[in-house]
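There are 2 protein chains.
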Amino acid sequence: MASSKPSPGSADQAINDGWYTELSPMWPGQGLSLKVKEILYRGKSDFQDVCVFESESMGTVLLLDGVIQATDRDEFSYQEMIAHIPMCALERPAKKVLVVGGGDGGVLRELARYPEVQEIHMAEIDKMVPEVSKKYFPEMAVGFTDPRVTLHICDGIKYVEDSPEHSYDLIVVDSSDPVGPAEVLFEKPFFEALHRAVRPGGIVCTQAESLWLHLDIIKALAAMCKEVFVGGSVSYATTTIPTYPSGQIGMLVCAKARTEQGEGGSAPLDPRTPRQAEPGPLPALGVPDLQYYSHEVHSAAFVLPVFAKKGLQGCLTFQ
Amino acid sequence: MASSKPSPGSADQAINDGWYTELSPMWPGQGLSLKVKEILYRGKSDFQDVCVFESESMGTVLLLDGVIQATDRDEFSYQEMIAHIPMCALERPAKKVLVVGGGDGGVLRELARYPEVQEIHMAEIDKMVPEVSKKYFPEMAVGFTDPRVTLHICDGIKYVEDSPEHSYDLIVVDSSDPVGPAEVLFEKPFFEALHRAVRPGGIVCTQAESLWLHLDIIKALAAMCKEVFVGGSVSYATTTIPTYPSGQIGMLVCAKARTEQGEGGSAPLDPRTPRQAEPGPLPALGVPDLQYYSHEVHSAAFVLPVFAKKGLQGCLTFQ
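So the protein lines, in turn, are chains A and B.
Numbers 209 to 527, taken from this note's numbering, label the letters of the first sequence in order.
Numbers 209 to 527, taken from this note's numbering, label the letters of the second sequence in order.
It cannot be assumed that every hint is accurate.
Stated by the list, open to error - Okay, derived cross-link-like pairs now, SDA-like style, lysine to any residue, Cα gap no bigger than 25 angstroms in a straight line:
#	chain 1	residue 1	chain 2	residue 2
1	B	Lys517	A	His503
2	A	Lys245	B	Gly237
3	A	Lys245	B	Ser232
4	B	Lys245	A	Asn224
5	B	Lys243	A	Gln221
6	A	Lys396	A	Ser375
7	A	Lys245	B	Gln221
8	A	Lys427	B	Gly267
9	A	Lys243	B	Met234
10	A	Lys517	B	Thr481
11	B	Lys518	A	Glu347
12	A	Lys243	A	Gly267
13	A	Lys518	B	Gln499
14	B	Lys517	A	Val495
15	B	Lys245	A	Ser232
16	A	Lys304	A	Pro489
17	B	Lys517	A	Gly267
18	A	Lys518	B	Ser265
19	B	Lys518	A	His503
20	A	Lys517	B	Gln484
21	A	Lys517	B	Asp280
22	B	Lys342	B	Val260
23	B	Lys245	A	Pro233
24	A	Lys243	B	Ser218
25	A	Lys245	B	Met234
26	A	Lys518	B	Arg480
Quick caveat, the hints were computed from the structure, so don't treat them as lab data.
Given the sequences, and given the hints that come with them, work out the whole structure.
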């Protein structure tokens with residue numbers, strides 16, 4: 209059937225007649241449409257098409273290769289959940305954390321809420337993303353101003369491979385979808401490197417798509433992680449977020465075995481139980497109270513609808 | 209800013225160039241777009257514009273006044289949750305249930321799973337909806353074939369007002385949004401009639417919009433219900449559903465005081481705890497196992513993100 213809808217891949221193609229529609233081969237035949245008030249920025253980095261626009265209903269919107277990464281209206285849901293679920297699940301407070309991707313700064317902002325954290329490293333491949341975020345998304349980019357943060361513009365895979373073994377309490381992989389520059393962040397060699405770089409009993413938490421759209425991708429990813437995190441655990445949590453495809457996104461929470469080979473009789477970490485206190489606001493940076501995450505939201509986020517629980521059967525340690 | 213997007217209100221206006229976009233004054237500046245394979249039905253009833261189309265990604269789609277009511281792909285989430293949360297929360301199995309609206313038949317299908325139910329009444333104002341559903345949505349309309357179901361084509365408010373006091377164990381209000389024919393289903397006189405028609409300890413469960421879009425509407429509705437269900441309880445649960453605005457919808461669960469005046473010292477029913485067994489498939493009608501609802505999903509559905517919990521503070525009995 210003929211269609212005048214633009215094809216995906218760049219903001220130029222996705223914005224038409226004052227409306228943006230999020231189209232992608234990742235979700236064929238559907239897409240969220242947002243009314244555009246003003247296009248604030250258009251650029252092309254070495255890696256991707258970057259666009260910022262002011263929308264009528266969602267505040268400022270960041271697009272990479274024509275796909276929504278964050279909006280003022282609902283970014284807190286994703287950023288809080290991908291940061292605080294693993295941070296609060298850890299058995300002892302995290303001191304050293306790595307973020308792979310996440311160049312908008314929102315996850316940094318959430319990690320900065322914890323006074324016990326001493327170092328936060330970020331490996332972001334595209335320097336244009338932090339630059340654009342600092343200019344157009346001050347409430348997310350505030351994370352970069354925390355003195356414990358070091359930003360490395362580099363290939364995240366290489367950065368993880370070069371990290372000493374057992375370097376981090378937590379690694380958050382805040383990637384875009386597995387098409388384009390983020391594709392390798394969904395593959396086994398990267399997860400093997402992540403597993404090596406995190407300490408025994410530590411956690412790797414990765415952006416892991418939507419149950420409603422990509423149960424097959426999630427299943428393959430979880431099965432692969434179960435092979436890599438031998439003796440540890442692999443679990444899946446979700447959050448609601450209106451501007452992501454299907455209104456929901458999930459994260460895979462992989463805990464490394466407490467002893468390196470998974471021996472010694474200690475049970476793997478069950479991330480469904482929060483163990484660290486809910487973090488508070490960060491007045492020094494003007495970061496307000498949490499808006500989405502709480503301990504009860506934490507535990508409820510691991511409860512999957514029947515179709516998803518059945519679909520992921522055997523691939524998850526706890527569900 | 210000029211825009212070529214159609215205005216809402218009818219399918220003719222919402223379908224353009226092979227794509228449908230769901231626009232409404234209820235969610236200005238945004239809308240889900242779906243690629244249309246084929247328009248199967250267009251009609252105008254005494255109450256609303258009715259359209260059915262085959263989509264590329266969501267199966268068959270039912271529109272009323274240009275707004276999505278149900279799609280093959282995800283209708284089970286809403287239908288299961290609005291039926292099984294109250295059914296399983298009741299202290300003794302429901303025998304007599306009323307559905308106001310719900311003319312697609314999906315809620316009837318879910319209620320029919322319970323062998324203890326003796327009578328299921330439906331008050332649907334628009335006869336075109338069941339007719340169209342029977343033709344184009346056999347998997348939802350199968351609910352009408354259950355011998356315990358009686359369909360009344362009538363004004364739901366009048367039907368509830370005319371029902372004897374304490375008639376029902378449960379009343380499900382499966383309405384469209386509070387614009388057009390369903391507007392009165394969000395007002396106090398209707399809730400007073402519902403409260404009268406349900407038995408002490410019984411439940412009224414109503415479609416109650418999205419936390420992300422309509423916290424103000426939900427707050428007003430909950431506050432009003434708290435006045436009406438004196439001595440009982442008012443709680444709010446949510447479910448994810450990609451084709452509803454923002455990908456999420458909620459329901460208000462109102463339990464009537466166990467004794468008529470809320471006296472006698474018995475605590476109000478806490479609907480967060482399931483008390484009845486999860487219902488199974490219904491082979492006689494070809495209804496498969498549950499796809500979304502389980503007891504653990506039931507309890508998790510009442511856990512609200514911080515922004516919503518704060519926004520509804522004081523309006524809900526349990527949250």
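Hint numbers contradicted by this structure: As far as the earlier hints go, not one is violated by this structure.
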